[in-house]
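The task is simple: from the sequences and hints, build the whole structure.
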Amino acid sequence: METNGDRVEITISSRFENIELVQVIAEHLCETAGVDEDGSHWVGMAVREAVANAIKHGNKLDVQKKVNARFELAGSELEITISDEGEGFDPEEVGDPLNPQNLMKTSGRGIFYMRTFMDRIQYSFHPGGGTSLMMFKNLAKSNGGVASSKA
Amino acid sequence: MKATSRSVDGVDIISLQGKITIGAGDSQLRDVINEALNSGNNKILLDMSGVTTIDSSGIGELVGSYTTVTNRGGKLKLLHLPAKLNELLHVTQLITVFEVYENEEEAVKSF
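If you read the protein sequences in the order shown, they are chains W and Y.
Under the numbering used here, the first residue of the first sequence carries the number 1, and numbering increases by one thereafter.
Under the numbering used here, the first residue of the second sequence carries the number 1001, and numbering increases by one thereafter.
I should point out that these hints are in silico values taken from the structure, not numbers from a laboratory.
Remember, predicted model here, so these are calculated numbers, not experimental data.
Here a beta-carbon is modelled for each residue, glycine too, at the ideal position from N, C-alpha and C.
It is possible that part of the hints are untrue.
Unchecked claim - Derived contacts from chain Y toward chain W, CB cut-off under 10 angstroms, selection only: (1) A1003; (2) S1005; (3) G1023; (4) Y1066; (5) K1084; (6) Q1093; (7) T1096.
Quick look at the structure:
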């Protein structure tokens, strides 16, 4: 793990047991910035989902492939970048989990939770392989439950 | 994740404890439900009070468990939802799918 002022970066191998490491960093950064326990938890949950997707769908559980997480705090704006070494996918192909046809599906809620808990998320796909997911959160508005976290 | 079960008036009350997350508890939940069904119990009440962390995979397994039990002619209901799990079910509208109880006696009688 590397820290530089308001930037923290960690690289993990593609194992599910490493997800919590990244989640804990996210929650700690939020709490240090003054976000309450609930608000920090929801940001941590978004990070958990992003890292899980990078490991499972990006790197396809190949432990030789890495997932990098970078956290940058500029004022109250937290920018999180989760990058993998996979071939990428089209996030638009993931169905809306609120659509009645999808309600009873056993998967497809991870991106929805990220969108719910963060202000904005943005995927980018690198020509040489690898996907980066950027997630943004204004921590000054992040206290409280899910509803206020989206407000 | 740990699971302990007991029977009350023909209802299998399964208490889940710990994490139901990807790679740590999600597949275990499936096994616990299948074990109950294979033992002839299809009235299942999941006590969620001991669940410390759940993610989208865990939520997916809950949905899958509900479908499995329903398809086997049974019922799966939830007891003592932690606040954060309750919020996760609300935002995905799954709260409309599950019957949720705060009182065990009331939940058992509902089957």
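Structure-based check of all given hints:
1. A1003: violated (19 angstroms)
2. S1005: With a closest approach of 23 angstroms, the S1005/Y hint is violated.
3. G1023: Because about 3 angstroms separates G1023/Y from the closest Cβ in chain W, which is inside the 10 angstroms limit, the hint holds.
4. Y1066: holds (8 angstroms)
5. K1084: Holds, about 7 angstroms.
6. Q1093: OK, holds: Q1093/Y within 10 angstroms of chain W, min 6 angstroms.
7. T1096: holds (8 angstroms)
In the structure shown, a violation is registered for the earlier hints numbered 1, 2, in ascending order.
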